[in-house]
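The listed protein sequences correspond, in order, to chains A and B. Each residue of the first sequence is one higher than the one before, counting from 710 in this note's numbering. Each residue of the second sequence is one higher than the one before, counting from -2 in this note's numbering.
A portion of the hints provided could be inaccurate.
Listed next, with one range per pair, are the computed distances between beta-carbon atoms [stated by the list, open to error]: (1) Gly505/B / Tyr758/A: 29 to 39 Å; (2) Ala568/B / Ala828/A: 51 to 61 Å; (3) Pro322/B / Arg818/A: 23 to 33 Å; (4) Arg269/B / Asp826/A: 32 to 42 Å.
Stretches of chain B that chain A covers, calculated by requiring three or more beta carbons in the stretch to come under 8 Å of a beta carbon on chain A [to be verified]: (5) 124 to 138; (6) 277 to 286.
Among chain A residues calculated to face chain B with C-beta under 10 Å, some are [unchecked claim]: (7) Gly832; (8) Pro853; (9) Phe866.
Quick caveat, the hints were computed from the structure, so don't treat them as lab data. C-beta: ideal position from N, C-alpha, C; glycine also.
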Amino acid sequence: MNGSSPASASIASGHGGRQVECGLCGRRFREDRAQPVCAGCPLARACRYVRCPHCGYENPVEPAWIERGRAREGRREGGGFLRRLVAGLGARRRVSAPGTLLELQPGERATVAGLEDPASAEGRALASLGVLPGVAVEVVQRYPAWIVRVDHAEIAFDDALAAGVRLVPGGTAA
Amino acid sequence: MSLRPNAPMARTALEESGACPMCPPPRARRSAPIPSGSAPEEAAWRVALVGAPNVGKSTLFHRLTGRYVTVSNYPRTSVEVTYGVGRLDGHVARVVDTPGLYSLSPTTEEERVSRRLVLEEGIDALVHVVEARCVARSLPLTLDLMELGKPLVLALNMVDELDPLGLELRPDLLALRLGLDVVPIVAVTGEGVTELERAILRAIRAGEAPEPVRRRPDVAVAVEAVTGALSGRYAMPRRAVASFLLQADEETQAMVEATETDGGRRAGEAIREVAAGTQDGTAYRSAVERHEVARSLAEHVLERTGERRVRVAERLGRWLARPLPGIPVLVVVLWLGLYEFVGHFGAGTLVDWLERSLFLGRVNPFLESLFRGIPWPWLRGLWVGDYGLLTLGLRYAIAIILPIVATFFLFFSVLEDSGYLPRLALLVDRLFKRLGLNGRAVIPIVLGFACDTMATMVARTLETRRERILATVLLALAIPCSAQLGVILAILSGQPVALGLWVAVLAGTFLLIGAVGARVLPGRSAAFHMELPPLRVPRASNVVRKTATRLHWYLLEVIPLFMLASVLLWAGQVTGLLDRVLNLLHPMVAALGLPRQTASVFLLGFFRRDYGAAGLYELQRTGVLDTVGLLVSAVTLTLFVPCVAQFLMMWKERGPKIAAGIFAFAVTFAFGVGFVLNLALRGIGL
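Looking at chain A on its own, in the form it has when it is part of the complex (with noise of 0.2 Å):
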């Protein structure tokens, strides 16, 4: 039901756009400009591993989860494993669409421009929870479900709220 993260994607069509760091050499190079041997092979379908086109080293490719943890351990320099397995186990996939509140981070703020839809259910949810232009939102969480205080109070919704909030450009603050 939740559509498949980018992650789990590239790992399932067994190429897609990331950057990898190989394991050997250490240098980093997109995952779908691999060594083009894998193009050929009939396994790469189902292979769990790029071969990095620097060294031919075959890289494992990182679990979804670990993949999780690493973007969001990503603004956070450093962390060990454990916490990066920790942290990916809290994280989910990282929805986001540029202009809504969906690319807002836990902990940052942003005013409301106004809603995709104010006719539709999920408009109709969101202004009845105060949720309307010129308002400000801070997002206390993401996953399960989005936490937003709103006026001294906090309200919780899911992904589909979340994407029909517009927030005014440039907006956003820590």
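Position chain B relative to chain A; hints supplied.
Chain B in isolation, oriented as in the chain A frame:
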């Protein structure tokens, strides 16, 4: 005897807006005598409390009215409205507690009822109850209420919560800006309630409606244009009618069509003309304008005086809403609550004492000696004996079911009052989406662990028909009610492997049926959204009141049903019908590898699910069943058809076709699973 047509819990439909189970379901139905010695014209004063769900309206209502409370269904709806008589600073008044609403443009049945109540003739004053910290979000409704042409008082509740937030509110400034009385109160402690009573009296005596707040020019022009197109007589000023029309409120549209001589054509044209100049429609523009005005007002009256202190409760609340440690905590909470408290303490210690020491030891022998004088055994059997009204019906109700549901309701009330339930909903939202539901459905599902009948009714508050059907199926099939749960936990508690298997089969069924149902039924899940009330330490008085009201309703519904079941069983026994039905069940039971006696357990199970479980308890005690037999019958019985009451509720709430369908499916599925389980377990040589 039968289920009350519009049985309570309807109020829980407020959960629609996230407040649900927090509102006590059924209240004692008492007559509401108007205390004598008061002037009749004073007694006729009527006050309506209005406000969003969960702002402390009901607490304030109880403060104002005290003990004289009646609950009744609003005409032609299943929505319950609470009325009470109280003294406002010494003067008698009738107070009505309206169901929670966010705006006067209703979207749910509760909101529609609230609006009708507010507009009713004869309401002398409105009291808008808001949570002080949410004043900016609540003022749009105040602004709408101000247009209705009725005296209005604004009660700012929970002002004691402002200080920890580093906020200070100036009620005097707000009163000045709005032109009405604004009273800060703390409903739970009663602080400020006397001042509120005086303000209400003042408003009634003055009899003047507040002057509506000036609107943004473009909206004001639109309202003016539409007002000019109206000529009929309405329960509210035409300006307010125009305002609602611009909010695309369907009920007002119907009202205008019925009232205007031209069927509202002129008004329609005026609206179209106004709408032509807007991008997102007049309704959206109205809402935005309302909030703009409210925000600017709130900014004036709400001052930041200090740093916002992050309280322990808030930090804890956030922790509990994260998968880690939220989900482990959830598991521990449910384990402690359901297994240790309800299962061990309620179904173990309490039942043991009540049943063995009290009923089997004292009450039953006493009753039998009392009825020994009756010469006809068939008549004696009606009262005492195997299926006796008193020895079986009353004993099951009081000694087995009462302690179990009482402990469950106590546990649930603590969860409710602590503000934990919305966090529970949030945590399970993603899982429930896979089952075609959303996080909100967790409330009927958890309530199902108390009573599936009640939960089936609460499921009506889910937004779409698809969700209601899915929740009903899951409740009928995979959720054991507290009585059943308690007894089965007691039976299986000595055998951890069997208990684990029982839980696994039920959890598997829950997930499988949900996932399949989500795919089979057309439509999609409704979005999840809900307000998160702050986490707080449950108040003993609230918990006791909530537990007592639930229990009260439950016993009123249940004891008669137990008696009915006893009478039916007795009649069946006397006429021999029971044996014939049992004979039909015997081959089915035999196919599961179970002894003949279990057939009567299944039959009892239909009269009440827990009834059957209690029968199973007897079989276990007498050693008729081995462990595999016990497990197979426990699983089959849990999955088996819902009890009579639940079946009737499904019929009433979801219609005969769906009820019959679920019934047939549950029987087939339960016996199918029991059959496979028996073969599998015996096959591996257990």
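Original post:
Out of the numbered hints, which ones does the structure contradict?
Top reply: 4
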